[in-house]
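Residue numbers (our numbering), protein chains in the order written: chain A, 1 to 130; chain B, 1001 to 1410.
Check before you lean on any hint, since a few could be wrong.
[As the list claims (entries may be wrong)] Per label pair, the in silico range of CB-to-CB distance: (1) R120/A to R1353/B: 22 to 28 Å; (2) E104/A to G1028/B: 32 to 38 Å; (3) R1403/B to H8/A: 28 to 34 Å; (4) G55/A to V1177/B: 55 to 61 Å; (5) T1302/B to P121/A: 19 to 25 Å; (6) P1146/B to S65/A: 23 to 29 Å; (7) E1011/B to P121/A: 35 to 41 Å; (8) E31/A to R1353/B: 19 to 25 Å.
[Unchecked claim] Listed next, the stretches of chain A that the computed footprint assigns to chain B, with coverage defined by at least 3 CB atoms under 8 Å from CB atoms of chain B: (9) 52–64; (10) 95–109; (11) 112–126.
Note that these hints are calculated values from the structure, not bench results. If you're wondering where the values come from, they're calculated on a predicted model, not measured in any experiment. For each residue, glycine too, the CB sits at the ideal point set by N, CA and C.
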Amino acid sequence: MKFVILIHSTPEPWGHPTGDFVAEHKALPQEQRDDMNAHFDQVLTQLQENGELVGGEALGDPRSSTLFRWADGDPIASDGPYAETKEQFAGFFLIDVADRGRAEEIAFHFAGPGETIELRPTMWPGGDDQ
Amino acid sequence: MTGGSEDVWREHSAEVLAALLRRSGDFGDCEDALQEALLAAAEQWPRDGMPHDPKAWLIRVASRRLLDAHRSTTARERREWAESASAARLLGSRPDLPDAVEHDDTLRMCMLCAHPDLSDASRVALTLRGVAGLTTAQIASCFLVPEATMAQRISRAKATIRASGAPFAPPTQADAVTRLHAVRHVVYLVFTAGHTTAAGDRLVDLDLQLEAIRLAERLHRALPHDPETTGLLALLLIDHARTAARTDAAGDLVPLDEQDRALWDHAAIARGVALVEAALVKGAVGPFQLQAAIAAVHGESTTVAETDWSQITELYRLLLRVAPSAVVRLNLAAAIGMSQGADAGLDELEGLRSDPSLTRGHRVHAVRAHLLERAGRSEEAREAYLRAAGRTQSIPEQRYLNRRAAALER
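Okay, chain A solo, but in the shape it has when bound (with noise of 0.2 Å):
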């Protein structure tokens, strides 16, 4: 089964890996600050060694969006983020897992203070009648 891991988070200034630019990560002492990074590569380092992770990539910053809106029966542009909300969609990573159970405890591992990890399932093409 495939799940998405999607982090919001709003570095400040927007930069990766995210938890180097938020105030609440930053606030902790250096030495848990790199034991959490350390264990966080490593389970990155895991996932891609048994065929787990599918991929994933960092997002830019919101503020270099382009948005797509309809206005008056055609398409207009404007720059900017899509919401002037506090967390901002910072990156992803796609899994392919035997179960939830599973995605769950890996999406715990992607957790950091000050961010919110958000899981959820991909939908597939096909089709079953029974």
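With chain A's structure known, arrange chain B on it following the hints.
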């Protein structure tokens, strides 16, 4: 590579690989040698013509490559190889093993690929690679993941098998029974994976359901008197026979009760029915035979109304006894809804509504929605359909459930 050569290669790959594994013990080395032999075949066969015995040709060429590879390995590796090979020879001569496992290389390949230390995903990938002879790119495309991801999964699986020692040693009798069960499970997983990927929109258009049926046919050839293996083949044949009726022209899901049964492959159904009937009289009833028997009842009915729902209900009760699971209980509730009325089905379902593993998925809500609709409780049915639609991961199923909900709107 021409289509003809590829067919030959696919037909023999498991046996060639098995023959190599008798000489070496290393899955990876043997596969490399096999790939090289295939390359040589791709070059020589079109030029010089197909050899009389392609399997023997592939074994001979691959063995030579394997030997070359071994000559270049270190002394330590050579020693390890010799030890594992002699261990395999010793174990290979045990007289108490079932004849079939002893003599059928495809079967032993299947058992190796269904190794107990591997995850289901890895077992499926390795079986498609080692037994069905698919390339890593083809397997990756079937599962809609990048080739690198699938390559990683396969090489990890091989490393796990290597680490377990003497990988191609035949299992003991007791172990063989467990391993055979795992093999059938893997073939079934390949088949159900084929359900989940839509045909036509993939880079390499490979029908996983047909691959699973090929595998089941081979197993059945190796073990013609094993009732569960026969049951597996029957189940896959009957289920696959409904493919053409399962989706409409727009690609939307057509539920069983609305399918045009003239589109079913009735010859395949007849073969499946004959197989499961032959298996059932042998005693030792197992889950695949029971599921095949249920599929057979559907397959032989001309309409939903004339379907023998009491028989299906009884078969689900038996299935629940030999292989209890929440999904089987759910199907039992749906069958009771048909044989004894919607209210009886809803009563049966009540006990399942507190099971978190079920309520999280869409099936329990979908079954409940159908039963509520038949009981005339439209508003509750609509809510249940929407709840189910929000939980399914299948796009056609979601469209279907939303459509049912919309039809109940006043």
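Hint numbers the structure violates, sorted upward?
4, 5 and 8
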